[in-house]
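Line by line, the protein sequences are chains W and F. When you line the first sequence up against the working numbering, it's residues 37 to 325, in that order. When you line the second sequence up against the working numbering, it's residues 317 to 842, in that order.
There may be inaccurate statements among the hints.
[Claimed, not checked] Each pair of labels, with its calculated beta carbon distance range:
no., chain 1, residue 1, chain 2, residue 2, range
1, W, E170, F, A629, 21 to 31 Å
2, F, A442, W, I90, 19 to 29 Å
3, W, H49, F, T812, 40 to 50 Å
4, W, S154, F, F636, 47 to 57 Å
5, W, P187, F, L448, 18 to 28 Å
6, F, P831, W, T207, 23 to 33 Å
7, W, F140, F, G452, 47 to 57 Å
8, W, A106, F, A442, 46 to 56 Å
[Said to hold, decoys possible] Which stretches of chain W does chain F cover? Using the computed rule of at least three CB atoms under 8 Å from a CB of chain F, they are:
no., stretch
9, 78-87
10, 186-195
11, 300-313
Rather than coming from a laboratory, the hints here were simulated on the basis of the structure. Every residue gets a Cβ at the ideal spot worked out from N, C-alpha and C, and that includes glycine.
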Amino acid sequence: MAHAANDSYYVPHGSHWPLVGSVGLFTMLAGAANWLNGSSIGVYMLAIGALTIIYMVFGWFGTVIRESEAGIYNDDVDISFRMGMMWFIFSEIMFFAVFFGVLFYARTISIPWLGGDSNNFFTNTLLWENFTAEWPTNGPGNMGGEFEPMPPWPLPTLNTIILLTSGATITAAHHAIKAGHRSLLTTFLGLTWVLGFIFMACQAYEYYEAYAHLNLTLSSGMYGATFFMLTGFHGLHVTIGAIILLVIWLRCLKGHFTPEHHFGFEAAAWYWHFVDVVWLGLYIFVYWL
Amino acid sequence: MSEAVSHDSHHDDHGPAKGLTRWLFTTNHKDIGTLYLIFSLIMFFTGGAMALIIRAELFQPGLQFVDPHFFNQLTTMHALLMVFGAVMPAFVGLANWLLPMMIGAPDMALPRMNNWSFWILPFAFAMLISTLFMQGGGPAGGWTLYPPLVLQTGDAFPFMIFAIHLMGISSIMGSINVIVTILNMRAPGMTLLKMPLFVWTWLITAYLLLAVMPVLAGAVTMLLTDKYFGTSFFLGAGGGDPVLFQHIFWFFGHPEVYIMILPAFGVVSQIIPTFARKPLFGYEAMVYATATIAFLSFIVWAHHMFTSGMPIAGQMFFMFATMLIAIPTAVKVFNWTATMWRGEMTFETPMLFAVAFVILFTIGGFSGLMLAIVPADYQYHDTYFVVAHFHYVLVPGAVFSIMAATYYWLPKWTGKMYNETLGKTHFWLSMIGVNVLFFPQHFLGLAGMPRRIPDYAIQFADFNMVSSIGALIFGFSQLFFVWVIIDCVRNGKQATSQVWEGAEGLEWTLPSPAPYHSFETAPEIK
Numbered sequence: 037m038a039h040a041a042n043d044s045y046y047v048p049h050g051s052h053w054p055l056v057g058s059v060g061l062f063t064m065l066a067g068a069a070n071w072l073n074g075s076s077i078g079v080y081m082l083a084i085g086a087l088t089i090i091y092m093v094f095g096w097f098g099t100v101i102r103e104s105e106a107g108i109y110n111d112d113v114d115i116s117f118r119m120g121m122m123w124f125i126f127s128e129i130m131f132f133a134v135f136f137g138v139l140f141y142a143r144t145i146s147i148p149w150l151g152g153d154s155n156n157f158f159t160n161t162l163l164w165e166n167f168t169a170e171w172p173t174n175g176p177g178n179m180g181g182e183f184e185p186m187p188p189w190p191l192p193t194l195n196t197i198i199l200l201t202s203g204a205t206i207t208a209a210h211h212a213i214k215a216g217h218r219s220l221l222t223t224f225l226g227l228t229w230v231l232g233f234i235f236m237a238c239q240a241y242e243y244y245e246a247y248a249h250l251n252l253t254l255s256s257g258m259y260g261a262t263f264f265m266l267t268g269f270h271g272l273h274v275t276i277g278a279i280i281l282l283v284i285w286l287r288c289l290k291g292h293f294t295p296e297h298h299f300g301f302e303a304a305a306w307y308w309h310f311v312d313v314v315w316l317g318l319y320i321f322v323y324w325l
Numbered sequence: 317m318s319e320a321v322s323h324d325s326h327h328d329d330h331g332p333a334k335g336l337t338r339w340l341f342t343t344n345h346k347d348i349g350t351l352y353l354i355f356s357l358i359m360f361f362t363g364g365a366m367a368l369i370i371r372a373e374l375f376q377p378g379l380q381f382v383d384p385h386f387f388n389q390l391t392t393m394h395a396l397l398m399v400f401g402a403v404m405p406a407f408v409g410l411a412n413w414l415l416p417m418m419i420g421a422p423d424m425a426l427p428r429m430n431n432w433s434f435w436i437l438p439f440a441f442a443m444l445i446s447t448l449f450m451q452g453g454g455p456a457g458g459w460t461l462y463p464p465l466v467l468q469t470g471d472a473f474p475f476m477i478f479a480i481h482l483m484g485i486s487s488i489m490g491s492i493n494v495i496v497t498i499l500n501m502r503a504p505g506m507t508l509l510k511m512p513l514f515v516w517t518w519l520i521t522a523y524l525l526l527a528v529m530p531v532l533a534g535a536v537t538m539l540l541t542d543k544y545f546g547t548s549f550f551l552g553a554g555g556g557d558p559v560l561f562q563h564i565f566w567f568f569g570h571p572e573v574y575i576m577i578l579p580a581f582g583v584v585s586q587i588i589p590t591f592a593r594k595p596l597f598g599y600e601a602m603v604y605a606t607a608t609i610a611f612l613s614f615i616v617w618a619h620h621m622f623t624s625g626m627p628i629a630g631q632m633f634f635m636f637a638t639m640l641i642a643i644p645t646a647v648k649v650f651n652w653t654a655t656m657w658r659g660e661m662t663f664e665t666p667m668l669f670a671v672a673f674v675i676l677f678t679i680g681g682f683s684g685l686m687l688a689i690v691p692a693d694y695q696y697h698d699t700y701f702v703v704a705h706f707h708y709v710l711v712p713g714a715v716f717s718i719m720a721a722t723y724y725w726l727p728k729w730t731g732k733m734y735n736e737t738l739g740k741t742h743f744w745l746s747m748i749g750v751n752v753l754f755f756p757q758h759f760l761g762l763a764g765m766p767r768r769i770p771d772y773a774i775q776f777a778d779f780n781m782v783s784s785i786g787a788l789i790f791g792f793s794q795l796f797f798v799w800v801i802i803d804c805v806r807n808g809k810q811a812t813s814q815v816w817e818g819a820e821g822l823e824w825t826l827p828s829p830a831p832y833h834s835f836e837t838a839p840e841i842k
C-alpha cells in the first residue's frame with residue numbers, strides 16, 4: 037500500500053449498503069416468521085430478503101475491496117480490520133459454546149436427573165418410571181421413536197481428515213502468499229475450498245443416512261437435537277467459510293494481495309481455522325464420547 | 317500529517333450531507349450517536365406509556381382498563397423495549413458521541429458498520445412492536461422468555477425471536493466497533509490507564525456484550541426449534557430441561573444487567589469530579605473494580621433461579637459469588653463519595669442526577685444483596701420486592717445516569733446551554749416521582765404481592781395507589797425533559813468549549829458544538 041500518500045485514518049463517506057442490509061435482514065426474517073406461521077407469502081419474502089442481503093454483501097465488500105486495492109487504507113485501518121475480525125470470531129466461539137454447554141448439561145445434569153440421580157428419586161419414580169439415564173438417548177418420552185446414533189466411523193473420521201488437511205493446505209497457501217509464489221498460492225487455496233465443499237458433501241450424505249436409515253432426526257430427543265444443531269450450525273459456517281475462500285481464491289486469480297498486505301486472505305484463514313477447531317470439538321464430544 | 321495527505325483523505329472534510337440521506341447513510345459518529353439517542357428516547361416513551369397503562373391498571377384492585385392477557389403483553393413488551401430499546405441504545409449513543417472525542421480519534425474505527433449497527437434497530441423494534449397487533453397478541457410470557465410458557469405465544473412468536481436476533485446482531489457489531497475504536501484509535505500518549513473512566517467502562521461493557529449476546533441468540537434459536545422443528549432442548553420427555561433455558565438465559569442475563577450499569581458508572585465517574593472540582597478518587601481502583609464486576613457477572617447467574625430447584629452446593633456457590641459483587645461495587649461508591657469529600661461542590665443539573673444516582677443506585681444494590689441470600693430469596697422471589705430492586709438500579713440508576721450525561725454533554729453537542737432552572741425542575745420532579753413510584757414497591761413485595769399480576773388482594777391497595785401516583789409524576793416529568801432539550805436547542809445561550817469550570821478531558825478542548833469531524837490530527841496527550 038502507498039503509505040507516503042496516505043497516513044491518515046480513512047473515514048468513508050456515507051454508505052447506503054448498511055440500510056440495504058437492514059431492509060434485507062428485515063424482509064428475510066419477517067418472511068421466515070410468516071413462513072413458520074403458515075403464511076403463503078413467507079417463502080417469497082424470505083427469498084427476496086436473502087437476495088437483498090447477497091446484493092448487499094457484493095456491493096459492500098466490493099466497495100471495500102476497491103478501496104483496499106486503491107491503497108487508501110493505512111496500517112491503522114488494517115489493524116482495525118484485524119481486531120474486528122478477531123472479536124467477531126470471539127462472538128462466534130460464544131455462540132458455539134452455548135450448544136456445547138447444552139450438550140454437557142444434558143449429559144451430566146438433565147438426563148441423569150431424569151434417571152433419578154442427585155435428589156431426583158421422585159422425578160424418576162413418579163414421572164418417568166422406566167427410564168434409565170444413558171447416552172445417547174431420545175429421552176424418557178422416546179421422542180421421534182427408536183433411532184441409532186451416528187457412528188464416528190467412517191464419515192465423521194473422513195471429514196475430520198478432510199478438514200485437517202484443508203487446515204494444512206491453507207497454511208501452505210499462506211506461506212506461498214508471503215513468499216510471493218502466486219501459482220502455489222492459487223493451487224493450495226483452490227485445494228482448500230474444494231476440500232471444504234467435499235466436507236459439506238460428506239455431511240449432506242451423513243444427514244441423508246441419518247434420516248433415511250438411522251431414524252435419527254431433529255426430533256430424536258436430546259441426542260438428535262444437539263447432534264443436528266451442533267453439526268448443522270458448524271456446517272453452515274463451513275459453507276460460509278468455503279464461499280469466503282472461493283471469493284479470496286478468485287481475488288488471488290485476479291492478482292489481488294501482496295506478500296505484505298493480504299488481510300482479506302488472513303481473515304478467511306482465521307475463520308477457516310476457527311471452523312476447523314469447532315469441528316474437532318464436535319468430533320470428540322458429539323461423535324466419539 | 318504530510319502535505320500529500322490532504323487531497324486523498326480530506327475529501328470528506330466538508331460538513332454533513334443534506335436532507336434525509338445524511339441520517340440514512342451517515343458514517344459519522346456524531347450523527348449515529350444522535351440517531352441512537354433519539355431512537356432511545358422514542359423507545360423510552362413507548363415503553364414508558366406501557367408502564368403507565370400498567371400502573372393505571374394497578375391504581376386500585378380489580379380490573380379497570382385492560383384484560384389480563386393484554387396486561388401480560390404490556391409487562392413483557394415494557395421490559396423488552398426498555399432494556400433493548402431504551403437503555404442499551406442510549407449508552408451506545410453516548411459511546412458514539414463521546415468515545416472518539418475522549419480518546420482523540422477522528423471517528424469510530426469501523427464507520428460503515430457503525431451505521432448498520434444503528435439502522436438494524438428501527439427494523440428490529442418495528443418487528444417486535446408489530447407483534448402486539450397479531451393473532452394471539454404479542455409475547456406475554458415475560459421478557460425472560462421462559463419455556464414452556466413462552467412457547468404458547470401465538471403468531472407473534474417467531475417475530476419476537478427474530479427481533480431479538482436482530483437486536484443481537486446490532487449489539488455485536490456495535491461492541492466490536494467500540495472495542496476496536498478504544499484499542500486502536502487512541503491518540504499517541506493516551507495509554508490505557510490515562511483513558512477517561514467512561515471509556516474504560518465501555519471497553520469492558522463491549523466485551524461483556526460480545527461474550528453474551530451470542531448466548532442469547534443461541535437460547536432463542538433453541539426456543540424456535542423447540543416450537544417449530546421438533547427439538548426437545550427444553551422438554552423433559554426428550555431428555556431436555558426447561559431449567560436449562562433459565563441457566564442459558566441468565567448466563568446472558570446477568571452480564572446483561574451490568575451491560576446496562578457499567579457505562580452508567582462511567583458517566584457518573586466523569587461528572588462527579590467536574591462538579592467536586594477534584595480528580596476522581598482512586599482512578600485505578602475504579603478500573604479494577606469495573607473489571608472485577610465484569611468477571612463476577614459470569615459466575616452468579618443462578619441467583620435468579622434459587623426457587624427453580626438446584627442442589628444446595630449450587631445455591632451456596634451462587635449466593636456467595638453474588639455477595640462478592642458488593643465489594644467492587646462498594647469500592648466504586650466509596651470512591652465517588654471520597655471524590656466529593658471536601659470538594660468545592662456545586663450542584664448543577666448533571667451533578668444532581670449523579671449524586672442521586674450514587675444514593676439511589678446504592679439502595680438498589682442493597683436490595684440486591686438481600687435477594688442474594690438464598691433463604692430470604694425464597695420469600696422475595698417473584699414479588700414486587702424484585703420489581704422494586706431492579707427498577708431502583710435501572711431507573712434512578714441507569715436512566716438517571718443517561719439524563720445526567722445528557723445535561724452534562726448537551727452544551728458540547730448542541731453548542732447551547734440548557735436552562736438551569738428548567739433542568740433542576742426536571743431533576744426534582746423525577747427524583748420525587750421515582751421514589752414515590754418505586755419505594756412503596758419494596759413494602760408491597762415484602763408483604764407478599766406477586767409481580768406480573770393485573771389484580772391484587774385488597775391489603776395491597778394503599779401502596780399501589782401511592783406507587784401509581786409516583787408513576788404519573790415520573791412519567792409526565794419526562795415530557796418536561798424533552799422540553800428542556802428543545803428549549804436548549806432553540807433558546808440556549810452560546811456555550812464555551814470548556815462548558816464546565818471543573819471539566820477535564822479531550823472533549824472539552826473541542827469547540828462547542830463539536831465540529832462534524834473530531835480529531836483529524838491527533839491531539840497531544842500530556
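So, going through the hints one by one against the coordinates:
Between E170 (chain W) and A629 (chain F) the CB atoms are about 25 Å apart, so this pair conforms to the stated range of 21 to 31 Å. The hinted window of 19 to 29 Å between A442 (chain F) and I90 (chain W) holds, with their beta carbons roughly 23 Å apart. One distance hint, 40 to 50 Å for the beta-carbon pair H49 (chain W) and T812 (chain F), is violated here, with the actual separation near 32 Å. At roughly 21 Å, the beta carbons of S154 (chain W) and F636 (chain F) sit outside the given window of 47 to 57 Å.
Judged by the Cβ atoms, the range 18 to 28 Å given for P187 (chain W) and L448 (chain F) is violated: they are separated by roughly 49 Å. Taken as a hint, the range 23 to 33 Å is violated for the pair P831 (chain F) and T207 (chain W), whose Cβ atoms sit roughly 47 Å apart. Distance hint check: the CB atoms of F140 (chain W) and G452 (chain F) are about 35 Å apart, inconsistent with the given range 47 to 57 Å. For A106 (chain W) and A442 (chain F), the hinted distance range of 46 to 56 Å is not satisfied, since their beta carbons lie about 37 Å from each other.
Residue count for the stretch 78-87 of chain W with a Cβ under 8 Å from a Cβ of chain F: 0. That is fewer than the three needed, and the coverage hint is violated. Figure legend: the stretch 186-195 of chain W, annotated as covered by chain F; annotation inconsistent (0 residues with Cβ-Cβ distances under 8 Å, at least 3 required). With a cut-off of 8 Å between beta carbons, the stretch 300-313 of chain W has 0 residues touching chain F; three or more are needed, and the interface restraint is violated.
Comparing the model with each earlier hint shows violations of hints 3, 4, 5, 6, 7, 8, 9, 10 and 11; every other hint is respected.
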